[in-house]
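Now for the letters of each chain:
Number of protein chains: 2
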Amino acid sequence: MGYRIGMDVGGTNVVTGLFGADGKLLRKSKTRTVKTSSQELLQQLADLCRELLIVENVSEQRLSTVGIGLPGFINAETGLVTAANLPFNDIPVAERLRQLIGVPVTVENDVRMIVYGESLRGAGQGFSHILGVTLGTGMASAWVTNGHLHGGAGGLAGEIGHIAYPDIPYMCGCGMKGCLETVVSASGIVRQAQDGLSAGWVGLLADRFPAHMREELTSKDVWQAYDDGDAFAGQVFQRTANWLSRVLIPSVALLSPDVIIIGGGVAAAGDVFFGPLRKYVAESLHPLYRERLLVAPPSLGDDSGLYGSAEYAAKRLIS
Amino acid sequence: MGYRIGMDVGGTNVVTGLFGADGKLLRKSKTRTVKTSSQELLQQLADLCRELLIVENVSEQRLSTVGIGLPGFINAETGLVTAANLPFNDIPVAERLRQLIGVPVTVENDVRMIVYGESLRGAGQGFSHILGVTLGTGMASAWVTNGHLHGGAGGLAGEIGHIAYPDIPYMCGCGMKGCLETVVSASGIVRQAQDGLSAGWVGLLADRFPAHMREELTSKDVWQAYDDGDAFAGQVFQRTANWLSRVLIPSVALLSPDVIIIGGGVAAAGDVFFGPLRKYVAESLHPLYRERLLVAPPSLGDDSGLYGSAEYAAKRLIS
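Top to bottom, those sequences are chains A and B. Going letter by letter, the first sequence gives residues 4 to 322 in our numbering. Going letter by letter, the second sequence gives residues 4 to 322 in our numbering.
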């Protein structure tokens, strides 16, 4: 068992982490994603791996595996990768990269790698059954039980952001109306706040963002307004927590996780979001669940996905 | 690998099945459950096993395992069994029965054994990811993935009947208000119909069940009235399907099952229940799930639990 690399390949940046054989993160790098072609992006990924090895003075022969997490769909049978924000459209990423760097490569969905990393090395450490949810641009989940990452039929497990509810009025990028991720995500928080302001909300947020500036609003601004005392901004987080609880409540009864880890931009809001969320989940569940269930933020910060993809490749390719 | 026995130990009857080493059901027996004491019930179970062996002319030495499914909670760590409708209160059933019949014994929750049996030998055969729900006196679920029965933290997975919704007005036996199983179950169907009749519904059901007879109403009577043309009776099943879909929709997005198997008294109603259920689930899910998901009744009839417990013991104790 040698050194491992984990990579988080996003539409904006590639973050690469080099790990020792003991699983310790030794060094990481961050650079803009090359999006000109699949060939050039693959070459960039190989180069980034080599650069980290050189900087840490590790020979290529001592690298054993590379694991990649990316925002896309990976066909479990064919290994073909399709990712809307990357130049990958039915590309066998793992196989191509293996040819470029000479070690086995795994490619998995980025949310799954984040949750897998948290389950093994973060907030899920020491637990057997971990449900993870990320609330960023979109919303998705992953389920890890006894160290096994669940893929589901067709590899489709985890798309909880695309459940449609009649009381959610927004069109989703997926083509459906009322998808959960149109409200339960960083962009969903912004959308709710913009709608509220257009409907005549008054307060700090309205003062700070007059009509001509509303396009620039971010979920962080909504949180900041709440933190400074804007009641409407607080309601946005409460309502978001309530919508999320519709999925979490049945999930707890169905699977009995030890812990639900909720990460991403919205979760960073902290108590204004986690407080109501824990309340909504608790009041709808049998006390047996309530008493033991933890709902927690991630503990590895931005590195969850690096840990996850590095460990996933090591576990999967070496065993 | 020798003969196996599967037992379904209910509050009313014990059904015992003898299976060949090839997993074929050779013979079954059904008898009233002895409820005088744990000792006497355990002796009955041992006697029932011996009787089946004698009738089939199989020597006791060729019996390899006994598997039991019962309506109760089994502590996964201690093996202690507690079942409200059986004389078991913190009783180490598997260990005691092993002493009486001399072969290894497993004890699991009956709903899990039903779903496990269906997953291996019934409607889930050939699939990897199976979600099972039973709608009888109560409501519960089980999840089998790649042949592994999921227990969850504290062994608590599957109590989906005890999710409380604000628009469900009934008190549940568990002490909470608004539990799903107060409406999504055979007794829930009866309760909804009785409430409707009290509120002045007219039609076949009202004609057949005047006020002084309403206590005798069964879910089968509601189905019969629907089948004979009573519109209100049909609405009870549609509403029940709608309530159930609140749990099934998130479950599909979370786990991507190949098939959802729905058994028990309510499911026996057939199209009036499965039709709306499939519609509600489909219209709230992304097309990727819709296109591949099956929602099906069980295919082993009353024997699902026998197959499940026999197979479970054999798989678990011999491997």
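Some hints could be false.
What the hints assert, rightly or not - Reference excerpt, derived from the structure (chain A facing chain B, CB under 10 Å, subset only):
#1 Thr148
#2 Gly154
#3 Pro172
#4 Phe235
#5 Leu251
#6 Asp261
#7 Glu286
#8 His289
Said to hold, decoys possible - For lysine-lysine, the following PhoX-like pairs were computed, each having C-alpha atoms within a straight-line distance of at most 20 Å:
#9 Lys27(B) x Lys318(B)
#10 Lys282(A) x Lys180(B)
#11 Lys282(B) x Lys180(A)
#12 Lys282(A) x Lys27(A)
No lab work stands behind these hints, which were simulated from the structure alone. Even glycine gets a Cβ: it sits at the ideal position worked out from N, Cα and C.
Outcome of the hint check:
no. : hint                  : in the structure
1   : Thr148                : 7 Å, holds
2   : Gly154                : 8 Å, holds
3   : Pro172                : 15 Å, violated
4   : Phe235                : 24 Å, violated
5   : Leu251                : 8 Å, holds
6   : Asp261                : 4 Å, holds
7   : Glu286                : 7 Å, holds
8   : His289                : 4 Å, holds
9   : Lys27(B) x Lys318(B)  : 15 Å, holds
10  : Lys282(A) x Lys180(B) : 16 Å, holds
11  : Lys282(B) x Lys180(A) : 16 Å, holds
12  : Lys282(A) x Lys27(A)  : 37 Å, violated
Going through the hint list in order, the structure does not satisfy hints 3, 4 and 12.
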